[in-house]
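Engineer: So the protein lines, in turn, are chains D and Y.
Take 316 as the starting number for the first sequence in our numbering and just add one per residue.
Take 316 as the starting number for the second sequence in our numbering and just add one per residue.
Certain hints may be false.
As the list claims (entries may be wrong) - Heads up, incomplete: computed chain Y residues facing chain D, CB under 8 Å, no partners named: (1) Pro524; (2) Gly608; (3) Leu639; (4) Asp1004; (5) Glu1005.
Stated by the list, open to error - The calculated lysine-lysine pairs, modelled on BS3-like cross-linking and capped at a C-alpha distance of 30 Å, are: (6) D:Lys413 with Y:Lys837; (7) D:Lys782 with D:Lys417; (8) D:Lys633 with Y:Lys837; (9) D:Lys411 with Y:Lys905; (10) Y:Lys903 with D:Lys591.
Said to hold, decoys possible - Computed footprint of chain Y on chain D, listed as stretches where at least three residues anywhere in the stretch have a Cβ under 8 Å from a Cβ of chain Y: (11) 406 to 413; (12) 499 to 513; (13) 638 to 644; (14) 762 to 769; (15) 899 to 912.
These are calculated hints, taken from the structure and not from any lab test.
This structure is a prediction, so every number in the text was calculated from the model and none was measured.
Here a beta-carbon is modelled for each residue, glycine too, at the ideal position from N, C-alpha and C.
Spelled out, the chains give:
There are 2 protein chains.
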Amino acid sequence: MKPWHCLRRAVIVMMSALAAASSARADEGLWLFNNPPLKILKEKYQFDPPKSWFEHVQKASVRFNSGGSGSFVSANGLVMTNHHVGLETLQKISSKEKDYVKDGFHAKTHADEVKAVDLELNVLMEIVDVTDAIKKAVDPNLSPEKAHEARTAIIAKIEKTSEDKTGLRSNVITLYQGNQYHLYRFKRYTDVRLVFAPEQDIAFFGGDPDNFSYPRYCLDVCFFRVYENGKPAKIEHYLKWSQGGAKDGELVFVSGHPGHTDRLNTMADLEYLRDKGYPYLLQRLHRLEVMLGVYSAYGEEHARKAKDMLFGVANSRKAREGGLAGLLDPSVLALKKAYEKKLLAAAAKNPELQDAVKAWQTIAAVQKVRAANIARYIVLEAGAGFNTTLFGYARTIVRAADEYARPNEKRLPEYAESNKKSLELRLFSKRPIYPDFEQWKLADSLTWLCEQLGYENKLVQQVLAGKSPRERAAELINGTKLRDVKVRRKLYDGGKAAVQASDDPLIKLALLIDKAARAVRKVMDTQVEEVKRQAYDQVARVKFAVEGTDTYPDATFTLRLSFGTVKGYVEDGKKILFETTFAGLYEKAKNKNNKPPFELPQRWVERKGKLNLKTPFNFVSTPDIIGGNSGSPVVNRNAEVVGLIFDGNMQSLVWDFIYTDEQARAVSVHSQGIVEALRAVYDANRLADELTGGHGK
Amino acid sequence: MKPWHCLRRAVIVMMSALAAASSARADEGLWLFNNPPLKILKEKYQFDPPKSWFEHVQKASVRFNSGGSGSFVSANGLVMTNHHVGLETLQKISSKEKDYVKDGFHAKTHADEVKAVDLELNVLMEIVDVTDAIKKAVDPNLSPEKAHEARTAIIAKIEKTSEDKTGLRSNVITLYQGNQYHLYRFKRYTDVRLVFAPEQDIAFFGGDPDNFSYPRYCLDVCFFRVYENGKPAKIEHYLKWSQGGAKDGELVFVSGHPGHTDRLNTMADLEYLRDKGYPYLLQRLHRLEVMLGVYSAYGEEHARKAKDMLFGVANSRKAREGGLAGLLDPSVLALKKAYEKKLLAAAAKNPELQDAVKAWQTIAAVQKVRAANIARYIVLEAGAGFNTTLFGYARTIVRAADEYARPNEKRLPEYAESNKKSLELRLFSKRPIYPDFEQWKLADSLTWLCEQLGYENKLVQQVLAGKSPRERAAELINGTKLRDVKVRRKLYDGGKAAVQASDDPLIKLALLIDKAARAVRKVMDTQVEEVKRQAYDQVARVKFAVEGTDTYPDATFTLRLSFGTVKGYVEDGKKILFETTFAGLYEKAKNKNNKPPFELPQRWVERKGKLNLKTPFNFVSTPDIIGGNSGSPVVNRNAEVVGLIFDGNMQSLVWDFIYTDEQARAVSVHSQGIVEALRAVYDANRLADELTGGHGK
């Protein structure tokens, strides 16, 4: 039956597991590298690594700014990640003539490696706690608006000072939703080249039905190489390949960049997500999925152009449906309510925390503001009413002209000096842009804009300029020159004067809506986010008082360490083994008549005889992960690669709110499966040797 | 480019066309058979047929109660319709072992014909104007609630009296949204057997991309045969086959059952559709399309089970998107506004119509009630929150028990005696029901119910009974016995006592929500529909005063006659020929690499050499049609079949609100294409001979 039928059972089991938590602590946690779970590792796993172990894993970990994780796996700059993390780049270097997504790619020599058009990789070099400096700069008696300004200013100043001093990309990260602030210093790599990618049909074997499920059979891997000064970068901290790969029952670690979790969220915040946030997002995802599916049906080239966006939308839809199912599950809600009750009771009893009780009320109170402004915020400020890459360029150019004219500390954060290089990399990307596709998306989103703000809305009428959404979309896309990188650069360099003088219709559109967009952003920034930030500072204080500080903050798309055990689970009374093999892949393809999304690439059909079919292919383990962890290495006690995270099972979709390890699992490609496929299917022995250091598999 | 890019141009051309309308009246109109456009036909086309011509065409026309049109095409009960009209029946007789939808079907002898499980066909035998009787029974001074009761009662009485007297299915039809009431008497056929259906891949060649577009290449035809007393029915009025089929420039007629139009709608009513009705419906369709697409991806059998529902949802989505695009087009709105202004000005000037002006205000005022209740109405009363066929059965059984205990005149109309036989045909259908699919749909719709009414809503909590939507859906579908026709019959026959004693979880669910569902229906029936009905009575009076009574009412899924000319059009400066050929089909399949949805069935690949490739395949003409007209015969002056309506082009999607014939076209299968395919591809010479009466093609 369908995989989610087992969700409630999982949660029930989880409840009993949590009840017994005192005896054996769960493998929970998205741990900070500057506050790793030393005690638990020692007590539960008798593992007590030196500091250098953490430093090594940290510096071997790579963040894909496009949204994912990776790791250095050779001294020569080789980076491993998921195919679906590399997908955006594969799409951007593809054309009608050469489809890297469908056909895959293998560079036989360094010279064959293909440069990505706008990919930035970051490596975390250092963490500095700047909580005191920031809290000192924001007087608790300021109005939310003033507090927001003061906080933005001090963060911009700290980042700029750090970047000037170290030359490293420097970003202040908000932890515990507002309780702590850490400065993260990253080394940036922007010369990133594609080394290897399999065909999408094997990387994403099973497609949407198998996504977020297990057992799985996916070669969801690809390799890039970072270059410096035109040569493969020399990497000190890279992960060695394990001889045997992941073994049943062994302790493993995941080092990666979980994007976002809501575990500290109060019930009021969760109820907002359940009743408004998720349904609203899902409505939009459903609309986008249909819109992209319809476009794709026009032909193979249409499908190619929409492929990565469709993948992303469907993936989010399935993840959010799973999350919402969790929020609609009374047993999940009961656990969250019980936790909240525990914190509130503790706060009420402790004189020092009396004031913190108000924080829950404050958070409940902002939900109305949030609900009232979300549609306007999403269509105008997040730009969803103008769903074309070209509007994104126009917006950036228009805003950069305004923002760069201000002192660094007064700018919107994304225009701070510390983010300028990344912004320019994206703005001047040579990615392909297809006018018919942009027009299709824009027409659909302008129609949606009418629905969201109302057709008679004055701004909507100005946007449409007397035309229908479809006609207006055609006029805008046919009229703009922003597809041309040189045009974008000239406008960007020309600043305010150039923007004001421009008659490009998308620049004019971005100018037209800018005031309204900034206004609704300000409401959200000051009346929702800033208020919540201060309130969560208090909530976190209560949490620490109850649980101590050996804990971890919610995910923030920054580097975290998780740990756990390689192990299977029981579902509907059936034992799910920890690993699958290539034999299972061929069996499943056969059972599904080799029809999409279960169709094997031709090469896999031909090479079946060359593969050792008993080789482990995918496996599950208990480390705590979430979206953004895709591409994270799974390493053993020796910090050797035993696998590659690419998914979680259906039961893990509640991890956004609450962790359990009874059935919920992270899903990985097995390190042995990767090497066996490289050698037997792709004749990529040179690459396999680079990974394994020549020690065979 | 995309087909809708030309929409606005079409409308602009239409505006000039309408401006010049005085010189040559457009081929507009969904004419009543008791008020046919005699004058226009005579003046514009010099066609002046006898009364018997209309009677013949009327009685040769067939309504598919599943939602579509058809016609008798032989003396032996042969009925022609579209494949997509027959689709529901094809799906209901299919199984994992035998897929009539995918593989098509051809009965070589009468004995091979396959009985439909719950298909009812109606033939209109007589129309009686009962306007006076109904208006007399409804005192204009009654409250809307009392007026609604009185109207429901008199209609039930008229229908029952007619049925008792004639033995014919008798339904009172509301015309002009409330200005006239006609009693329609239908002969019912319920022994309907499948004779021929092609493979869906050729019936719906081009799939969603080509749907509502032209040029087209679809064999969207299928044939049924009606039986009486176990033998093929003898049919007096059937349509003969034309020798040559549709010719460029000739006058043609379409006799069919357009489902619904909104042409008389006031601006307030249209604005409701634009701002609330259509966006809300599209949100739901997007959700359903994704839900069904995801289910289908699990495998071929999943896809088979969901196929007809997915087709219906995608088809509605595309039609509604086109309609909404029209309502968001300033030029369409300008025409509708100008028309409203004209009516209002006429009313203001005419002392007898002074009061009618208020009708516009009344209609505007009810929109708020409508908007406030639509979600509750759709999820509870329309049952969309419980999206499984099995809930539909439970609802019918629960309501029948209540309603049949009341006098006929006090019942909800669908439980009136006049509708009882049709209700029982559907309720006791032996259609296959797949528990996993029902559970999938129910889980999704219960989730949607939470979103629509709010998770904390008391009724929602009662519906969920302490479980998550997914778990509750599993419990309901696993627990119900309503899949069994015998169980349904026993409960239905047992009436109130049986229903109250039942512990079937779906019966209990239907009972649980019945009070709330009836309450919101009452609001809609009395505060919206009844009020509008009275107001539109006045609007129609103004219309008649301005335009005279040689006009037609909005579509009501009852028999109408349209007329027009076979002709091509010009789009983006390019001439679109009136007809396509088989040669074009093969060329298009080749251009699309024979990939779905442009994949030819194997038989079509093999038989290419046997086909005369120059045979006309599809063609366009100007008769006024709308959804529900699918399957309508296109006949010439001699009432001979020259084609078969199956679609409208993109430009015709505004016909819901306004007619134009500059670019908008009805799309048909050519009669010659049908016969050539039957003979050359399907070896169905016996069937072809039955159609052509042996006179070759």
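Engineer: Does the nearest C-beta of chain D fall within a distance shorter than 8 Å of the C-beta of aspartate 1004 of chain Y?
Structural biologist: Because about 38 Å separates aspartate 1004 of chain Y from the closest Cβ in chain D, which is outside the 8 Å limit, the hint is violated.
Engineer: At a Cβ distance under 8 Å, does chain Y reach at least three residues of the segment 762 to 769 of chain D?
Structural biologist: With 4 residues close enough to chain Y, the hint holds.
Engineer: Would you mind confirming whether the straight-line C-alpha gap from lysine 782 of chain D to lysine 417 of chain D stays at or under 30 Å?
Structural biologist: Roughly 38 Å separates the two Cα atoms, so the pair is violated.
Engineer: Is the hinted pair lysine 633 of chain D and lysine 837 of chain Y satisfied, with a Cα-Cα distance of at most 30 Å?
Structural biologist: Given that 30 Å is the threshold and the Cα spacing comes to 38 Å, the pair is violated.
Engineer: Check whether the Cα positions of lysine 411 of chain D and lysine 905 of chain Y lie no farther apart than 30 Å.
Structural biologist: holds, 18 Å
Engineer: For the pair supplied as a hint, lysine 903 of chain Y and lysine 591 of chain D, confirm whether the alpha-carbon distance does not exceed 30 Å.
Structural biologist: Answer violated: lysine 903 of chain Y to lysine 591 of chain D is near 46 Å, above 30 Å.
Engineer: At least three residues with a C-beta closer than 8 Å to a C-beta of chain Y: is that true for the segment 406 to 413 of chain D?
Structural biologist: It is violated, with 0 qualifying residues against the three required.
Engineer: Quick check on the hint: proline 524 of chain Y CB to chain D CB, less than 8 Å?
Structural biologist: holds, 5 Å
Engineer: Under the criterion of a CB-CB separation shorter than 8 Å, is glycine 608 of chain Y in contact with chain D as hinted?
Structural biologist: The hint holds - glycine 608 of chain Y has a Cβ within 8 Å of chain D, the shortest such distance being about 7 Å.
Engineer: Please count how many residues of the segment 899 to 912 of chain D have a CB within 8 Å of a CB from chain Y and say whether that reaches 3.
Structural biologist: holds (count 4)
Engineer: Would the pair lysine 413 of chain D and lysine 837 of chain Y pass a check requiring their Cα atoms to be no farther apart than 30 Å?
Structural biologist: Violated, at about 61 Å.
Engineer: Does glutamate 1005 of chain Y pass the interface hint, meaning its C-beta sits closer than 8 Å to a C-beta of chain D?
Structural biologist: Violated, because the Cβ-Cβ distance from glutamate 1005 of chain Y to chain D comes to roughly 37 Å (cut-off 8 Å).
This entry does not satisfy hints 4, 5, 6, 7, 8, 10, 11 and 12, going by the numbered hints stated previously.
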